[in-house]
Structure formats: structure tokens, C-alpha cells
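**Student:** Line by line, the protein sequences are chains A, B, C and D. Position 37 (the first sequence) corresponds to 37 in the numbering used here; numbering is contiguous. Position 40 (the second sequence) corresponds to 40 in the numbering used here; numbering is contiguous. Position 144 (the third sequence) corresponds to 144 in the numbering used here; numbering is contiguous. Position 30 (the fourth sequence) corresponds to 30 in the numbering used here; numbering is contiguous.
No false leads were slipped in.
Cβ-Cβ distance ranges computed for the label pairs, FRET-style: (1) Ala22(D) with Leu132(C): 26 to 36 Å; (2) Phe10(C) with Phe10(D): 19 to 29 Å; (3) Gly88(C) with Pro92(D): 38 to 48 Å; (4) Pro58(C) with Gly16(B): 19 to 29 Å.
Partial selection, computed: residues in chain D whose CB lies under 8 Å from chain C: (5) Ala29; (6) Ala30; (7) Phe36; (8) Gly38; (9) Arg106; (10) Phe110; (11) Met117.
Keep in mind that the hints were calculated from the coordinates and are not lab data. Idealized CB from N, CA, C, for every residue including glycine.
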Amino acid sequence: MSIKVFYFASLKDHVGRSEDDLTYTCLLTVKEVWTHVNADTALPGNTLAAVNMEYVEFDDMVNDGDVVAFFPPVTGG
Amino acid sequence: MSIKVFYFASLKDHVGRSEDDLTYTCLLTVKEVWTHVNADTALPGNTLAAVNMEYVEFDDMVNDGDVVAFFPPVTGG
Amino acid sequence: MTVKITDRAFDPYQEIQAYQNARTANIGAAGASSIFIGTMRDFNDGVGVTGMTLDYYPGMTEKQLEKIVTEAQSLWPVIDSLVIHRVGDILPHESIVLVAVWSSHRGDAFDATRYIMEALKSTVPFWKKERLVTEGERWVAHNTSGYKAG
Amino acid sequence: MTVKITDRAFDPYQEIQAYQNARTANIGAAGASSIFIGTMRDFNDGVGVTGMTLDYYPGMTEKQLEKIVTEAQSLWPVIDSLVIHRVGDILPHESIVLVAVWSSHRGDAFDATRYIMEALKSTVPFWKKERLVTEGERWVAHNTSGYKAG
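Go ahead and model the full structure; you've got the sequences and the hints to work with.
**Tutor:** Written out as C-alpha cells, the structure reads:
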């Protein structure tokens, strides 16, 4: 399956990229998506995750074609 | 002593006057001021009272030269 | 802090902008502006209203308004505040009251604005008499609490 | 209900007036308008700030904003609401966010406005990076709660 991954704000600076493409054959959780594309970078503790622009938990499963986003706590307003 | 009395809004309509002048020799409470100038009109239960533009209780005393006001619940805003 | 009573129609947004423009020194510190505008509706308690007269107690009204704004400024770290209240004859869709509070943080601005509105509604001497579509005039009996439903 | 993201400076009062003018049918029912405006300050956490960049997640940001405004409109009897949020490069004293809620009663307008602001601050994907007078740039770490002191 094919997963698009985006990073925003300080997390984008932290991983040094704004996006990744992940192709994989097994079922994956959101957390495992991170691990596969950031083998050398631990997930910062306060990171938030979204799949297809809705908030998810890190043990939620992702599906083929999903867009996964990782970002720090929001600071708008 | 000399007391000026004002009425506002529906209470002005109720008593049929906007003001009274009361001259009296004894000490008076706010409630007694009402009774002296409105012998025939019972004080409506929700009436508010002010002396010199500050809210008072009906058993507070008035002094010579005070301005007493009676009015219904306020409805501004 | 400014408190104004006016017998003329006012545009709340123009008033706020004019007030801010006259106080540019404060603006850099005020991250939060909370504003409440009360507008005359064209119905009340199910009856059409064609106009309204707002009676007040000259002197006491200003004094009580200043008192509650001063209280709000002592309860929360307010940078500045503006309150304008209409009196006299009012038509539907005209502004009755404006409360604007500038603060560094939003919670303080919200709390102070709401405090001023509730205190104004319950303690400041204003009285509304409505002109009805159907049946002459009526004094509004009392204000309801803005913290409760309805 | 309207939600807008803009990368240009906006005048919140002009936006409100234009919005009201385009929706005159509603005005007679809206006795209460509650408005919150967040403005860029020229300092934060004791450090002078010369500017800011507001990053966002195009698509998700709009979706989450619409979601919280829809939630507010389901929780309180709101007649209409307008939310505008700035993105991109921002200078001190410029408006960052506008939330305006029109309702029949003030309590509902206050509650809905505050709900939208708190939900926006805690869940809508925006991120601030400040340009400091002293030491380059820094991402703002997190928003504080607007219901607590400070």
C-alpha cells in the first residue's frame, strides 16, 4: 500500500523534510508509519497525528492511499 | 430636613409624578420617605432605591439634603 | 477607560476604531479584544416591536457604569475598555450597547466583557419601553441573567 | 456561517460590517453580537517580537475550523457566525483571528464565541513562528488555556 506523509512546523524542521512517500505491504498503525520513515528520529512526545485531515490516535490503522500528517501542538489564534 | 425624591420608568407612571419634595423634622428611613410622599400607594415589591445615586436598603437612614430615587428593576443593555 | 451615554445612533465599529486610533500606545500590548454589541431586535417575547425609548437616571447611570467598569479593571488585568450606551428613542437594528475590552490574554478580555455586561444589565439604571406593532407601549419588566439558558 | 483563511492583512471591523450588510435578513433577530479579535503583540514571554509567520495545513485547517463552528452552532442557538484567521507573514498590531457570533441572547453569543476560540486554540492546525528582536526565530511551543488565569 501507498501512504503519503506530511510534517508541519517545528516537526518539519526536526525531521528535516516536509513529506515522505511510504510504500509497504503489511498493515500499519500511525505510529508504525512514523517508525518506517523516521528510523533514526524518535517521535517527540507531544506530536499530534492526522489521517486524511482528521485527528487520530497513534495506534489507529492506516489504509492504502491515506494521507498521514505529523505536527506539534497547534498555536493559532 | 429637606429631601428630594425622584421616580423613574414604570414607577413614575405608577405614582403619576416624576418627583416630590419632602420636608420633615424626624429621622427617616428610605422606606418611610416613600410612605410620607405616597400615602395612598403601596411600594411595589420589586422597587429599587438609591440615595445620592448609590443603591441603598429600604431601612437605611436618609440625611438632610439627600436625593432619594425609587425605580423598578433595570432593563438596559 | 471611557464610558459614554448618547442619545444619538452610533456605529459600534467606528467607535471602536476611533478609540483604538486615539490610543495607539496601548495597542502593542493588547493581544485580545473582546467586544459585545447589543442591538435592538424587531420582536421581543413573541411580539413585533417598532421602536423603543430608553429612559435613564442622568448622573447615577454614568456613576454606576463607571463603577462596574472600574470593578472589572480591578478583577482582571485590563489594558483599556470602552462602554457606550444609547438612551432616548431607538429603532430596530440600532445599537443599544457596546462593551469593548482590550487585554493581553483572551481569558481576561472575555471575563471582563461578560462581567461588565451582566453588571450593566442588573444594576445600571436604564429602562426600556417598547412600542409594539399590536398594542401600544409596554415597559420591559426585567432583564434575564446572561449566564443562564434562554 | 463563514470560515476564511487569508494570507493578507484584514480589518476585522470592515469584515464584520461587510458580512452583516450581506445578511440583512438576519439582523432583526440578532440582539447580541459577541466578537473576539486576536492581534499580534510586539512582545511575548518577555521578548520583543518583530514579526511572525503563521504556518497551517491547507485543507485540514479549514475542515477543523468548520467543524468547531458547526459544533458551536449545535450547542447554542446561533443565528450566524464568522471566523477569519490569518496565515503567512504577520506584523505586530495586525489582526490574527476574528470570531464573531450573532445570537438572540447574549449568553449564547458569549458562550459560542469563547467555545470557538478555545477549540481553535487547541485543535485547529496553525503554528506560529516568531521573529525576535534579540535571537532569530522561534516556534511558539503551545497555547495556554483561555479559561485559566495567566
